[in-house]
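Peer 1: In case you want the letters, here they are:
2 protein chains.
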Amino acid sequence: MEFKHTTLSNGLVIVAEVNTAALSGAMGFFVRTGSRDETLEINGVSHFLEHMLFKGTDELTALEVNKAFDSTGAKFNAGTSEENTIYYAAVLPEYVLEVTELWTKLLRPALRGDDFDIEKNVITEEIAMYKDMPQWDVVDTCKTLHFADHPCGHSVLGTVETIGALTAEQMREYFYRRYAPNNMVLACCGNIDFDAVCALAEKKCSAWAPGDTPRTLSFFGGSREKQRQTRENLVREHICIMSPAVSMQDERRYAMSLLATIVGDDTGSRYFWAMVDPAIAETAAMQFDSMDSVGVLYSYIRCSPENAKRVLDITRGIFDDLADKGVTEGELGKAKNKILSALTIRSEQPMGRLVNLGFNWVYTQQYRSVADDVAAVKAIAVADINALIAEFDLREFTRFSIGPASAD
Amino acid sequence: MEFKHTTLSNGLVIVAEVNTAALSGAMGFFVRTGSRDETLEINGVSHFLEHMLFKGTDELTALEVNKAFDSTGAKFNAGTSEENTIYYAAVLPEYVLEVTELWTKLLRPALRGDDFDIEKNVITEEIAMYKDMPQWDVVDTCKTLHFADHPCGHSVLGTVETIGALTAEQMREYFYRRYAPNNMVLACCGNIDFDAVCALAEKKCSAWAPGDTPRTLSFFGGSREKQRQTRENLVREHICIMSPAVSMQDERRYAMSLLATIVGDDTGSRYFWAMVDPAIAETAAMQFDSMDSVGVLYSYIRCSPENAKRVLDITRGIFDDLADKGVTEGELGKAKNKILSALTIRSEQPMGRLVNLGFNWVYTQQYRSVADDVAAVKAIAVADINALIAEFDLREFTRFSIGPASAD
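Those protein sequence lines, which keep their order, are chains A and B. With the working numbering as the guide, the letters of the first sequence map in order to residues 191 to 598. With the working numbering as the guide, the letters of the second sequence map in order to residues 191 to 598.
It should be emphasised that the hints constitute simulated quantities derived from the structure, not laboratory data. These numbers come from a predicted model, not from an experiment. Check before you lean on any hint, since a few could be wrong.
Which copy? The list can't say, so a pair holds if one copy fits it or any two copies do.
[As the list claims (entries may be wrong)] Pairs of lysine-lysine, DSBU-like flavour, derived with a Cα cap of 35 Å:
(1) 245 / 515
(2) 321 / 568
(3) 194 / 568
(4) 499 / 321
(5) 526 / 194
(6) 321 / 265
(7) 515 / 257
(8) 499 / 310
(9) 265 / 568
(10) 194 / 265
(11) 257 / 194
(12) 265 / 526
(13) 499 / 265
Model the full assembly from the supplied sequences, consistent with the hints where possible.
Peer 2: Following this line, the structure appears as structure tokens:
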């Protein structure tokens, strides 16, 4: 595997991890923009815009875009988060340039008013659909409660109100401001011809105008508020607990991942043995989400309404025990094996490497090989984890729950 | 990649595709037994037995099994179908032997009576859960309707009645009869030491007694019955259409996969353009399922009850058109790219190769490399597909639908 990179004169960075032995190639545009870069007035525009890119360009109809992907057999997707909008695909090596060229076209969309009006209904239905999924809604709402006025609390989807009021003109303005070439990275992995990709990008993207794309950055420790909402139609209690954690720029993110695995992996974690295995909770998992200058640890727990209080007591007991005694060597060893095996297996496919490669560059302007990541995970000691527990006290959390009226 | 294989004196076959450059290793036991090998009296025992293997052995408790997997960081799983029960894992290379040894232990389970009684409730709840999923239930019930008295019509999960009446003694009898070493294959892929795996298998499995493990084999063209069931709680119409297709032993299975992709892939297929893109159906997909001596093409379509008749008319129109005019070069080229890219990308991970390697041996006692499969797909011509359409008439289908009372 060989790392290569270059920057076009307008600021578009192209990074590649070339592996000519790979059976496929993967490429993607990583645009450094998301709901945290929106004002509340236009909340949801990043995600809506992601949909609009597939509606075509001045030269391509949506139908032609669909057929162009289809004819290559590409596995492609797009996604929007609080701070990134990414467009990526994996294809057979002979289609890498064709699909890369297609992305360069889509990244300069037509944003037609009639497409905008039709897609607005799709987005509104998507918001309604997610609102109907309590396991999703409880985490999303908890995030807003946790972040209070910090922009990372902005919902990715926006609300029915903000999407309803959004105009195509506002979207176009946002697009030209945030989709500047100096605010994005073109990443590619696997069996690709770097020079050919660079020549293509030079030809297709060098006329894109750079711009000023600021982002408000600050760490935030969380509101620590506790709220519960009643939903008559639910039969289960859904609980989200969120506490502060390190950012994507912080080297301690590897240790933070290990801590989340020790506390709340699907199997064999503290949560698992204390709640899931004895059937006190149906599911209980902790995740680490590291972002630009800020991070969170969040837990999602689902149980019967009768067990809600017991679940919160057990969770607090686990946090107290961690604060008092820290983690053990045995726990850390198991967590390392889990993270190393997931990391290693994912990295066997160019598509799996792409996300690492792209985000490493977006956040740290660094290349890290799989071996670098493996070494970083292996180097973590119990004392590193315990120092994190001391600095980021798990007990200082925000909590949001939804469940039926019968619970109190 | 190097193919290796050996057979122990009791008939246990070990096959391997060794790739020392891979970052992980994968291994699995492929047991040639499933619901088609059950009598109706014990229907569901194969799937129930799969659960019981994780309850431990005479030496290992369920807790110890759980912890043993957990400590290696293995990604592991198991699954039961009409004719196979498989147990597999992907791990870092240094844990391949440890996890293989664990599987050899689990393949000789304790089958304790009290574990059996507790797990019976879990299985019963699983049956109820799947019955509540109309998209699953409609396909499962259509399969039973299609296969009539053919054993491939047996439900994998069994019914609340058969599971309720099943005894631990019946399960033990089934286990000793079907889990004979000459009725299973141990497959491994990726960064593994073949000689070490064979030595381990020799030590751990050579005392397993071989047995006579017959299976009733016959092709079946389907009942062609049409039925609809009313479910008051549904708001959508769920339709399954099933027609005969080639078996796993038939070289034409590659052409049959291409036909299913042309007709009913998620995007860009005939179904997609005729029903999903114009929003007449919410989803419409065709799959090809090839089994031992028999196969089916089945479609799942979901739509509003008002559109049900229209959907059936459109589907029949597509089948008529295919029978009259066949497929086009353009369609075939796109379908090849889709299948080749999925096949190639999946095969980049040892875990992805494992399933191909194991099933190829179970069904055909042959090794096929990725290059063999790619060549087979590339060699298919329009005339091959059209010959299949002529022989396996899509219009001679079984249909099962469920939906609300308001539709007729």
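Peer 1: Next step is simple, just say for each hint if it's right about the structure.
Peer 2: A quick look at each hint next to the structure:
1. Taking the closest pair of Cα atoms, residue 245 and residue 515 come within 35 Å of each other only across two copies (32 Å); inside a single copy the shortest separation is 55 Å, beyond that limit.
2. In this assembly of identical chains, the alpha carbons of residue 321 and residue 568 never lie at most 35 Å apart, being 40 Å within a copy and 45 Å across copies at closest.
3. In the homo-oligomer, the alpha carbons of residue 194 and residue 568 lie at most 35 Å apart both inside one protomer (26 Å) and across protomers (33 Å), since each shortest distance falls under that limit.
4. In this assembly of identical chains, the alpha carbons of residue 499 and residue 321 lie at most 35 Å apart whether taken from the same copy (25 Å) or from different copies (32 Å).
5. With identical chains, the CA atoms of residue 526 and residue 194 are at most 35 Å apart both within one copy (29 Å) and between copies (32 Å).
6. In the homo-oligomer, the alpha carbons of residue 321 and residue 265 lie at most 35 Å apart both inside one protomer (28 Å) and across protomers (32 Å), since each shortest distance falls under that limit.
7. Taking identical chains as interchangeable, the C-alpha atoms of residue 515 and residue 257 lie at most 35 Å apart only when they sit on different chains, with a minimum of 22 Å there against 58 Å within one chain.
8. Only between protomers do residue 499 and residue 310 lie at most 35 Å apart by alpha-carbon distance; the minimum there is 30 Å, versus 41 Å within a single protomer.
9. In this homomeric assembly, residue 265 and residue 568 come within 35 Å of each other (Cα to Cα) both inside a single copy, at 33 Å, and across copies, at 19 Å.
10. For the homomeric pair residue 194 and residue 265, the shortest alpha-carbon distances inside one copy (24 Å) and between copies (32 Å) are both at most 35 Å.
11. For the identical chains of this complex, residue 257 and residue 194 are intra-copy neighbours only, at 32 Å inside a copy versus 42 Å across copies, given an alpha-carbon limit of 35 Å.
12. Taking CA atoms no more than 35 Å apart as the test, residue 265 paired with residue 526 passes in both settings, with 31 Å inside one copy and 14 Å between copies.
13. Taking the closest pair of Cα atoms, residue 499 and residue 265 come within 35 Å of each other only across two copies (33 Å); inside a single copy the shortest separation is 45 Å, beyond that limit.
In summary, the structure is inconsistent with hint 2 from the numbered list given earlier, while agreeing with all the others.
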